[in-house]
Amino acid sequence: MGTATTNPNVNYLTEFSGVKSWLLSLDHKRIGLMYMIAILFFFLIGGLMAMLIRLELFSPGPTLFSADTYNQVLTYHGAIMVFMVIVPGIPAILGNFFLPLQIGAADVAFPKLNLASWYVFMFGAILAFSTLFTTKIDTGWTFYTPYSIKTGTAVITMVLAAFIMGMSSILTGLNFIVTVHKLRAPGMTIYRMPLFVWSLYSTAIIQVLATPVLGITLLLLVAERVLGIGIFDPKLGGDPVLFQHFFWFYSHPAVYIMILPAMGIISELISAFSRKTIFGYRAIAYSSLGIAAVSFIVWGHHMFVSGQSEIAGVIFSFITMLVGVPTAIKMFNWLATLYKGSVSFESPMLYALGFLFLFAIGGVTGIMLATLGVDVHFHDTYFVVAHFHYVMVGGTLMAIMGGFYYWFPKMFGKMYDESLARITFVLIFIGFNVTFFPQFILGAMGMPRRYFDYIPAYESLNKISTVGSWMISAGFFLALYVIIRGITSGEKAPANPWGAKTLEWQTPSPPPHFNFDKKPVVTGGPYDYT
Amino acid sequence: MTTHNPAAGGHQHSHHFDSAEHEYESDKLGIWLFMVTEILMFGGLFVAYIIFHQIYPEMFAEGAKQLSWKMGFFNTLVLIGSSLTMALGIYYNQINQSNKAFWNLIATLALGFVFLTVKYFEYASKFDTGFLPGKLLNVETVQATSQNLGMYFGLYFCMTGLHGLHVVIGMVLIGWLAYRTRRGDFNSEYYTPVEGVGIFWHIVDLIWIFLFPLLYLVG
Amino acid sequence: MSQHHIMPLKMYFKVAAGLVLLTFLTVAFHQMNLGPLAGPVAFLIAAIKAALVLLYFMHLKYDNMTNRVVFGSGFFFLMILFAFSYVDIWTRIKAFSTL
Numbered sequence: 001m002g003t004a005t006t007n008p009n010v011n012y013l014t015e016f017s018g019v020k021s022w023l024l025s026l027d028h029k030r031i032g033l034m035y036m037i038a039i040l041f042f043f044l045i046g047g048l049m050a051m052l053i054r055l056e057l058f059s060p061g062p063t064l065f066s067a068d069t070y071n072q073v074l075t076y077h078g079a080i081m082v083f084m085v086i087v088p089g090i091p092a093i094l095g096n097f098f099l100p101l102q103i104g105a106a107d108v109a110f111p112k113l114n115l116a117s118w119y120v121f122m123f124g125a126i127l128a129f130s131t132l133f134t135t136k137i138d139t140g141w142t143f144y145t146p147y148s149i150k151t152g153t154a155v156i157t158m159v160l161a162a163f164i165m166g167m168s169s170i171l172t173g174l175n176f177i178v179t180v181h182k183l184r185a186p187g188m189t190i191y192r193m194p195l196f197v198w199s200l201y202s203t204a205i206i207q208v209l210a211t212p213v214l215g216i217t218l219l220l221l222v223a224e225r226v227l228g229i230g231i232f233d234p235k236l237g238g239d240p241v242l243f244q245h246f247f248w249f250y251s252h253p254a255v256y257i258m259i260l261p262a263m264g265i266i267s268e269l270i271s272a273f274s275r276k277t278i279f280g281y282r283a284i285a286y287s288s289l290g291i292a293a294v295s296f297i298v299w300g301h302h303m304f305v306s307g308q309s310e311i312a313g314v315i316f317s318f319i320t321m322l323v324g325v326p327t328a329i330k331m332f333n334w335l336a337t338l339y340k341g342s343v344s345f346e347s348p349m350l351y352a353l354g355f356l357f358l359f360a361i362g363g364v365t366g367i368m369l370a371t372l373g374v375d376v377h378f379h380d381t382y383f384v385v386a387h388f389h390y391v392m393v394g395g396t397l398m399a400i401m402g403g404f405y406y407w408f409p410k411m412f413g414k415m416y417d418e419s420l421a422r423i424t425f426v427l428i429f430i431g432f433n434v435t436f437f438p439q440f441i442l443g444a445m446g447m448p449r450r451y452f453d454y455i456p457a458y459e460s461l462n463k464i465s466t467v468g469s470w471m472i473s474a475g476f477f478l479a480l481y482v483i484i485r486g487i488t489s490g491e492k493a494p495a496n497p498w499g500a501k502t503l504e505w506q507t508p509s510p511p512p513h514f515n516f517d518k519k520p521v522v523t524g525g526p527y528d529y530t
Numbered sequence: 531m532t533t534h535n536p537a538a539g540g541h542q543h544s545h546h547f548d549s550a551e552h553e554y555e556s557d558k559l560g561i562w563l564f565m566v567t568e569i570l571m572f573g574g575l576f577v578a579y580i581i582f583h584q585i586y587p588e589m590f591a592e593g594a595k596q597l598s599w600k601m602g603f604f605n606t607l608v609l610i611g612s613s614l615t616m617a618l619g620i621y622y623n624q625i626n627q628s629n630k631a632f633w634n635l636i637a638t639l640a641l642g643f644v645f646l647t648v649k650y651f652e653y654a655s656k657f658d659t660g661f662l663p664g665k666l667l668n669v670e671t672v673q674a675t676s677q678n679l680g681m682y683f684g685l686y687f688c689m690t691g692l693h694g695l696h697v698v699i700g701m702v703l704i705g706w707l708a709y710r711t712r713r714g715d716f717n718s719e720y721y722t723p724v725e726g727v728g729i730f731w732h733i734v735d736l737i738w739i740f741l742f743p744l745l746y747l748v749g
Numbered sequence: 750m751s752q753h754h755i756m757p758l759k760m761y762f763k764v765a766a767g768l769v770l771l772t773f774l775t776v777a778f779h780q781m782n783l784g785p786l787a788g789p790v791a792f793l794i795a796a797i798k799a800a801l802v803l804l805y806f807m808h809l810k811y812d813n814m815t816n817r818v819v820f821g822s823g824f825f826f827l828m829i830l831f832a833f834s835y836v837d838i839w840t841r842i843k844a845f846s847t848l
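Protein chains in written order, with the numbering used here: chain A, 1 to 530; chain B, 531 to 749; chain C, 750 to 848.
No lab work stands behind these hints, which were simulated from the structure alone.
Warning: the hint list may mix true and false statements.
[Said to hold, decoys possible] Subject to a maximum C-alpha distance of 30 angstroms in a straight line, what follows is the list of computed DSS-like cross-link-like pairs (lysine-lysine):
#, chain 1, residue 1, chain 2, residue 2
1, C, Lys759, B, Lys600
2, B, Lys558, A, Lys112
3, A, Lys150, B, Lys665
4, B, Lys665, A, Lys136
5, C, Lys843, B, Lys558
6, B, Lys600, A, Lys235
7, B, Lys630, C, Lys763
8, C, Lys759, B, Lys558
9, B, Lys558, A, Lys519
10, C, Lys763, A, Lys150
11, B, Lys595, B, Lys630
12, B, Lys600, B, Lys665
[What the hints assert, rightly or not] Here are the computed distance ranges between Cβ atoms for each label pair:
#, chain 1, residue 1, chain 2, residue 2, range
13, C, Thr847, B, Leu692, 50 to 60 angstroms
14, A, Lys150, C, Phe825, 30 to 40 angstroms
15, A, Phe133, C, Lys763, 58 to 68 angstroms
16, A, Gly524, B, Tyr709, 43 to 53 angstroms
17, B, Gly691, C, Ala844, 33 to 43 angstroms
18, B, Tyr709, A, Tyr451, 57 to 67 angstroms
19, C, Ala844, A, Ile367, 50 to 60 angstroms
20, B, Gly714, A, Leu24, 57 to 67 angstroms
Since we're looking at a predicted model, the values are computed, not measured.
Glycine included, every Cβ here is placed at the ideal spot set by N, Cα and C.
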């Protein structure tokens with residue numbers, strides 16, 4: 001095999017060359033990078049859709065295109081961001097790359113399955129994008145019936161694409177669960193695992209248990225369109241609300257697929273950049289499992305005004321309050337970790353701190369929406385749009401950026417430009433708030449979501465929001481530049497530039513193909529900063 | 531990577547596992563995790579069926595009357611038999627009698643084929659008499675009392691169709707196993723794929739165990 | 750690998766016989782026309798058959814706890830999907846428009 005032990009210039013990037021060595025690679029690190037390139041590309045397209053939405057909403061009335069086109073643009077924005085960016089995002093990129101490293105393993109449990117997952121994902125994505133060239137889709141990413149049954153757009157293709165990408169998610173989750181159970185290095189008890197690993201494990205449970213129900217829901221939707229079975233179509237005696245039950249049974253836990261790994265990253269960042277062991281390790285570990293479990297019994301809070309019974313609404317509202325508890329535990333523990341820590345403000349930490357602020361807002365507004373009486377007014381308004389962007393962008397995306405800068409030296413063996421990276425934080429953080437905070441106000445004022453037009457009273461806040469979207473775009477494009485420049489001409493990075501204690505820092509930057517020369521033996525916890 | 535070395539009498543385990551046993555345990559866990567997804571996927575169909583059965587009991591009774599419980603009963607016995615032969619296919623590999631293992635796998639294939647043949651006749655009779663899924667069912671043609679009888683047959687064809695697809699997939703996998711058994715790939719030290727496919731095949735049987743009473747009897 | 754539990758041959762045949770018997774029983778109960786009890790009885794027998802397949806043919810009885818928990822969790826969450834959807838539909842109140 002390679003001569004990684006003797007030759008420091010041979011690492012997972014350089015050891016094998018040629019396109020085939022990448023496309024047929026069984027190395028979890030290379031597969032992680034392949035996911036990264038794909039997902040970055042999908043993020044650009046989904047982001048373009050977002051920019052188009054905001055441009056259209058700059059003024060009332062038609063600005064750029066027709067109402068029908070607007071429906072298509074918003075549907076693609078949602079579908080691309082949900083199925084192709086945020087759900088696979090952290091697990092497929094950073095999870096694939098770092099899960100084996102953090103537990104001292106040479107690879108994931110099923111490397112061939114891992115590669116297969118990537119191909120399945122790409123196939124689904126290509127199928128999804130193909131709809132852009134046929135009849136497109138306009139149902140919103142939630143495909144609610146009966147409109148999704150009747151509309152003449154490419155619902156079947158898109159829905160099958162989502163099914164296929166769901167399969168990829170299931171296989172990744174399956175791989176991670178077995179990896180965590182079976183491939184931990186000697187001495188790594190479960191309470192010595194990094195919290196990022198705990199979060200990936202909790203996420204994997206959701207991926208395996210929830211995604212199949214999305215699968216059957218989408219297949220049933222196809223059957224409805226093709227055969228007119230009638231279970232979701234009110235004209236045929238069916239129940240469109242049942243579609244929503246089935247859909248949200250997956251899609252609510254899915255949002256925890258989106259946020260749990262992000263929270264795992266935050267635990268790593270806060271601890272590393274406070275040079276202090278994480279406060280309440282077990283509480284955070286258990287809270288990840290707790291969030292995963294509770295996520296399955298709250299889905300009806302997306303359906304308070306759908307026609308669901310009041311009793312069901314009350315039950316779901318009450319249980320949803322519960323899910324705030326483990327989340328709050330994490331927030332408090334992160335703050336307690338900062339307290340009396342030796343805190344420094346490199347860009348990964350800036351993003352982590354940004355996360356704390358933005359996710360707090362997102363989380364608290366989530367509790368507001370969980371309150372049934374309040375949601376009756378806020379449902380389908382921009383308040384909801386602002387809430388989920390605060391948690392998904394302000395939360396997950398900030399964590400991805402932070403994790404990405406943090407692990408960049410390990411992945412590429414180079415350092416990125418720290419000053420430029422800090423500027424990306426400022427642009428993204430401020431741009432984000434300028435874009436989305438006004439949307440809370442717009443929602444409270446009654447502006448409906450997924451609407452092409454609005455009354456003049458909403459105009460100034462919409463303009464502010466659109467300007468914010470330009471700022472945030474600038475931040476992301478600058479970040480892309482920082483990353484590319486770092487990869488091509490960054491300074492050589494040491495094995496452990498941050499002085500962190502988890503196992504991935506005990507191997508060279510970039511790691512050799514086999515990760516560790518000798519299988520590590522673990523004798524302490526992951527955050528032993530004493 | 532895995533090195534396959536039947537001539538040397540053994541199957542080398544993948545390098546990232548400590549031992550063959552370590553790999554076997556991990557493979558088993560992976561297989562069970564995949565089976566959970568199958569249960570949840572089919573389960574969604576069952577949930578839909580039960581809910582609508584409660585809402586439209588007469589329509590479901592009317593639909594179920596069209597199904598031949600005898601054929602369903604026979605098919606249940608066929609699948610139970612195939613589960614037995616599949617289990618024996620694993621058993622004989624475990625005790626190094628690969629010839630008997632091979633024939634049990636062939637028997638499983640044959641029984642799977644019988645199952646599909648019966649299904650073919652069932653489906654053909656439905657198509658002939660106009661009991662088609664969803665909007666394809668013409669209420670006047672079949673003289674249905676319930677206006678949305680198409681929903682019953684929609685569910686019937688979706689559930690048995692998805693199940694039938696899994697039977698076909700299972701048969702392909704079992705055929706592959708039979709080929710590998712003949713080739714001498716499996717022995718008492720290594721039979722993981724046989725067990726894995728076996729578990730999949732038993733799940734297919736399991737789903738039918740619930741489908742039969744739900745569709746044919748309770749109606 | 751040789752330390753894996755190998756179920757004796759006779760067990761396989763006994764379990765298969767049990768499954769066949771229970772299938773006959775299912776049909777017998779069906780002929781009896783139990784009315785509202787028909788569903789639960791049929792489901793109960795099916796559950797027993799499923800348990801036999803799981804525990805013996807699929808060797809879950811001799812397997813480790815992790816695999817059992819993994820599989821059981823599927824049924825548990827399926828029950829949740831069913832229970833909450835059912836509660837919703839069952840507790841809906843028909844409302845008539847006053848307009």
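Hints versus structure:
no. : hint                                      : in the structure
1   : Lys759/C <-> Lys600/B                     : holds, 29 angstroms
2   : Lys558/B <-> Lys112/A                     : holds, 16 angstroms
3   : Lys150/A <-> Lys665/B                     : holds, 14 angstroms
4   : Lys665/B <-> Lys136/A                     : holds, 25 angstroms
5   : Lys843/C <-> Lys558/B                     : violated, 50 angstroms
6   : Lys600/B <-> Lys235/A                     : violated, 35 angstroms
7   : Lys630/B <-> Lys763/C                     : holds, 19 angstroms
8   : Lys759/C <-> Lys558/B                     : holds, 24 angstroms
9   : Lys558/B <-> Lys519/A                     : holds, 24 angstroms
10  : Lys763/C <-> Lys150/A                     : violated, 53 angstroms
11  : Lys595/B <-> Lys630/B                     : violated, 42 angstroms
12  : Lys600/B <-> Lys665/B                     : holds, 28 angstroms
13  : Thr847/C <-> Leu692/B: 50 to 60 angstroms : violated, 45 angstroms
14  : Lys150/A <-> Phe825/C: 30 to 40 angstroms : holds, 36 angstroms
15  : Phe133/A <-> Lys763/C: 58 to 68 angstroms : holds, 60 angstroms
16  : Gly524/A <-> Tyr709/B: 43 to 53 angstroms : holds, 50 angstroms
17  : Gly691/B <-> Ala844/C: 33 to 43 angstroms : holds, 38 angstroms
18  : Tyr709/B <-> Tyr451/A: 57 to 67 angstroms : holds, 60 angstroms
19  : Ala844/C <-> Ile367/A: 50 to 60 angstroms : violated, 29 angstroms
20  : Gly714/B <-> Leu24/A: 57 to 67 angstroms  : violated, 28 angstroms
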